[in-house]
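Following the hints, complete the assembly by docking chain C onto the known chain E.
Sequence order for the protein chains is E and C. FYI, the numbering for the first sequence is 0 to 310, going by numbering that gives the first Met the number 0. FYI, the numbering for the second sequence is 0 to 156, going by numbering that gives the first Met the number 0.
Calculated from the structure, these hints are not laboratory results. Note that the structure is predicted; figures quoted are calculated from it, not measured. Ideal placement from N, C-alpha and C gives every residue a C-beta, glycine not left out. You can take every hint at face value.
Derived list of chain C stretches under chain E, where covered just means 3 residues or more per stretch with a C-beta under 8 Å from a C-beta of chain E:
#	stretch
1	114-120
2	131-140
3	143-155
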Amino acid sequence: MSGLITVDDLTNEEIISILDDAERMLPIARGETHAPILAGKVLANLFFEPSTRTRMSFETAMKRLGGSVLNLGDVANSSVVKGETLFDTMQMMDGYADIAVIRHPRQGAARYSADAVSIPVINAGDGAGHHPTQTLLDLFTIRTSHGTLEGLNVALVGDLRYGRTVHSLSQALARFGCTLTFISPASLSMPEEITSDLRSAGVSITETGDLHGSIEDLDVIYMTRIQKERFPDEDEYHKVAGVFKLSRSDLDSAKKNMIVMHPLPRVDEISSDVDSTPHAMYFEQAFYGVVARMSLLCRLLGVQVSEVVSE
Amino acid sequence: MSEEGMRRVTAIQNGTAIDHVPSGSSLKILGMLGLLDSRSTPISLVMNVPSKKLERKDVMKVEDRELTQEELDRLAIIAPNASVSIIRDYRVVEKRTVELGTELRNIARCSFSNCITTNPREPLPHRILVHSKDPLELRCAYCGRIQSVDDIVNNLI
Numbered sequence: 000m001s002g003l004i005t006v007d008d009l010t011n012e013e014i015i016s017i018l019d020d021a022e023r024m025l026p027i028a029r030g031e032t033h034a035p036i037l038a039g040k041v042l043a044n045l046f047f048e049p050s051t052r053t054r055m056s057f058e059t060a061m062k063r064l065g066g067s068v069l070n071l072g073d074v075a076n077s078s079v080v081k082g083e084t085l086f087d088t089m090q091m092m093d094g095y096a097d098i099a100v101i102r103h104p105r106q107g108a109a110r111y112s113a114d115a116v117s118i119p120v121i122n123a124g125d126g127a128g129h130h131p132t133q134t135l136l137d138l139f140t141i142r143t144s145h146g147t148l149e150g151l152n153v154a155l156v157g158d159l160r161y162g163r164t165v166h167s168l169s170q171a172l173a174r175f176g177c178t179l180t181f182i183s184p185a186s187l188s189m190p191e192e193i194t195s196d197l198r199s200a201g202v203s204i205t206e207t208g209d210l211h212g213s214i215e216d217l218d219v220i221y222m223t224r225i226q227k228e229r230f231p232d233e234d235e236y237h238k239v240a241g242v243f244k245l246s247r248s249d250l251d252s253a254k255k256n257m258i259v260m261h262p263l264p265r266v267d268e269i270s271s272d273v274d275s276t277p278h279a280m281y282f283e284q285a286f287y288g289v290v291a292r293m294s295l296l297c298r299l300l301g302v303q304v305s306e307v308v309s310e
Numbered sequence: 000m001s002e003e004g005m006r007r008v009t010a011i012q013n014g015t016a017i018d019h020v021p022s023g024s025s026l027k028i029l030g031m032l033g034l035l036d037s038r039s040t041p042i043s044l045v046m047n048v049p050s051k052k053l054e055r056k057d058v059m060k061v062e063d064r065e066l067t068q069e070e071l072d073r074l075a076i077i078a079p080n081a082s083v084s085i086i087r088d089y090r091v092v093e094k095r096t097v098e099l100g101t102e103l104r105n106i107a108r109c110s111f112s113n114c115i116t117t118n119p120r121e122p123l124p125h126r127i128l129v130h131s132k133d134p135l136e137l138r139c140a141y142c143g144r145i146q147s148v149d150d151i152v153n154n155l156i
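Just chain C, same shape as in the assembly:
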């Protein structure tokens, strides 16, 4: 919390601070959290600030909302090294890490136009498998098509 990026953003009373977000990707993360269209949640962003770990990074603070572990795990495909602080009454009460599991379930639709899951009436869950973590490779569990991070962001449910 002592790095320059965090100091550029005003301290928040309650909410979630997300540090060590890869430079330039914080808008994608807001999209993944469903916050891009929010008109009521105060959000502070700094982008491209110097970082010892990442050279450049983004920092985000979301006020009055404690992100759940399930929400945070969505971030793992974009910001696998993000450090998350839950803040109450200006104090960090909990530190969380994001964890990339083996599957993203009902988070994004497959990007392939001929995948069986493109029929919105088919009821089974949308499943994107983490085929490889390093390098990151994501594939639709049904049709097997490789999904880029942008595909995921553009097809969020």
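So here's chain E without its partners, still in its complex pose:
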């Protein structure tokens, strides 16, 4: 494994192994145990578009493990505005860092970067493409809540067209035999590349515009924000903004152990009265990003977590 661009780069066994290692690292992420197993290693955090959770959780993950972090900083003040190509930027990182994390507004930027350098590259979001480390933390959250990834009934809701988190997650869930319901406005439905792959793999998919029809059957509701910044036309955004809203009363018929997830930030798609219900899992989910990324960093930098971190 030389990097992570899409979840297709991981086998199911590798995913499980990463989640197992992540679980071992929970005390380190909470600051209860000190384990500088990545001391001397340098991570380049290359965020060409805004990020809060992903950038900070990579930074926390690296620092909790004793490594250090280079940040590209504000793109407006970097050589990118002078017209430097991504290829050239990556050549520098090849010399400065042991591993690179990249988020970029252009789709395919992570794969392109990986082709340009010899260090491992992790895709932290490429345009509306993929976000596989979000998938790892999502899977960790689901497994922690349900005890398994197998055969669950999962609804992905909101902006499925531009929402890169749901692209990666749906592919992974399908591989674990989950039943998937895609709930979106017609104009924001799952891209053909994803549904084509899922259907040819024999996955059962339901596509609908109705959020409330099947809540009682679900194990996971994965809400997403309608992303204003991805719309070429603001009028088109306003046509679909606020279409799906989940509030406490909608969850009356839900199974007791059904969880509500969200990659955050949310706007108004989950009402704040859901936060205090046992279904709300999105804040834990954000914390699990630290352990999932710790585990991945160790794997890509050749550190066997099970040998250096006790159970």
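Relative to the frame of chain E, chain C by itself:
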């Protein structure tokens, strides 16, 4: 070479004859070979003639130019069953087939406007992967977008 389509076109002294091209697609093929803008290469085309193999087909003859295997392999996404004859002094001296590989490298740009490769200054090669041969499905190696045959033809390098 004995089918009706070939007889409709005058025999050429030297060059390349391409038979069993799917009906109506020969102009796309000329585009893929970079011959549409050529003002010096004599080219003969017949379109939509009856064929035992394809029901209808196009036939092309390109004079004074022997197409290389690399050029011919470009045709595979449009005319996977094309049969190619290299002609010298009115005789067929070599028969070639086209072969669809696993990747089209630096043949066409990705059609997606937000793909990283749309920056013309990025130096890595343009790569279109053959995701599936039957049915044919092509995808950009970087952004993963599905590319139709028309996308390829419209974005030739």
